[in-house]
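K.L.:
So the chains spell out like this:
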Amino acid sequence: MLKPALIAGVLLGILSALPLIQWVNSCCCAWVIGGGIFAAYLYVRESAEAVTLGRGLALGLLTGVIGGIVSVLMSLPLLYISFANTKVLEELSKSVEHVPDLSPQVRETLQHLLSDPLRSLSFFATIGGAMVTVMSAIFAMAGGAIGVALFEKRKPGQISAETPPATTSGPPPELPPPPPSQ
Amino acid sequence: MRLSNPIFKARVFVILLSGLGFLMVLGAPSLAAGGHFFLSALVYTVFSPICHQMPERSFELLGFPWAVCHRCSGIYLGVLLAAVFYTAIPRRLTSHEMRRYWVAAATAPLLMDVGLTAAGVWNNAPLSRLCTGFLFGSMLSSLLVPAFSEFLQPWNLSRCRTTEIQGGAW
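Protein sequence lines correspond, in order, to chains F and W.
Residues in the first sequence are numbered consecutively from 1, following my numbering.
Residues in the second sequence are numbered consecutively from 1, following my numbering.
The set of hints was computed from the structure by calculation and includes no laboratory data.
Even for Gly, the Cβ is constructed at its ideal location relative to N, Cα and C.
Take the hints with a grain of salt, since some may be wrong.
Said to hold, decoys possible - Listed next, with one range per pair, are the computed distances between beta-carbon atoms: (1) SER103/F - GLY19/W: 25 to 33 Å; (2) ARG92/W - HIS112/F: 58 to 66 Å; (3) GLY34/W - ALA48/F: 37 to 45 Å.
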């Protein structure tokens, strides 16, 4: 299960982090659901026995978590460039001042975070990363279930004809005749 | 007992999950209308990676847009209502033989609504976006309930571990 989840997860993570291409996720999390479907396709193809919807869900969960982590790691350089620009931080700090319903403690904490680029990067990467990973996991689970429903044609419990049986029963295969003695 | 029924447990889980999602969708504009802008912004931010949140493509509540667009609202509503009325979904639709056709039939209108609008052949409207999303969400729920019923069973984990030890596909 790890291999298809890894392949699909890395792919969806990269696609979800690339500028412009990541916009597809705004259409009902299409890359993430697609990643779950792709993982299910790979898993169904290599699985010896019929894959159930529950396994598709577990596969999607794994794919989504991997995809979320990859996406966050890929976004870090871009986030760093944005936060290295002090103007961005100043703008954010100003907007915090204008939020009317913020308690003084929260306002102070946020402004303290926004005063240092590295501190704000680590804060936003952690909070944003956790949020993206949870969302990816939920939507990729849905993708995993859809993928199994689409690609699994074998009935539950059915084993592929190409797979050799685990135990051999019946008479042993016939041996070739011994060479004639001289 | 109903609680020991795995399908019932899975339905409750899906209802809670999608209900929470839908509550958050409606919570963002309600909080903004109540003057809690920071909390409202947090909820809008949670949904920002998964929806474009264009105000002209979202429903309004108390003068503020919902946290997600028409189509995503339809999906969440579809998942929630289909889980509530799960017993009303024909078993034949979710049977092993039919489910791939059910997935295709429920996804095709959504894809056509998006694709034909992008091609300039058709102009989608709030109702078409909501309905196609709702159908997709209902299909999703009909798959998620049996999937979670299997996934949430404790014996399944031990079975998976055994399969792994024996060199299975898990």
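K.L.:
Compare the structure with the hints numbered earlier in the document and write down the numbers of the violated ones, lowest to highest.
P.N.:
Per hint list: single violation, 3.
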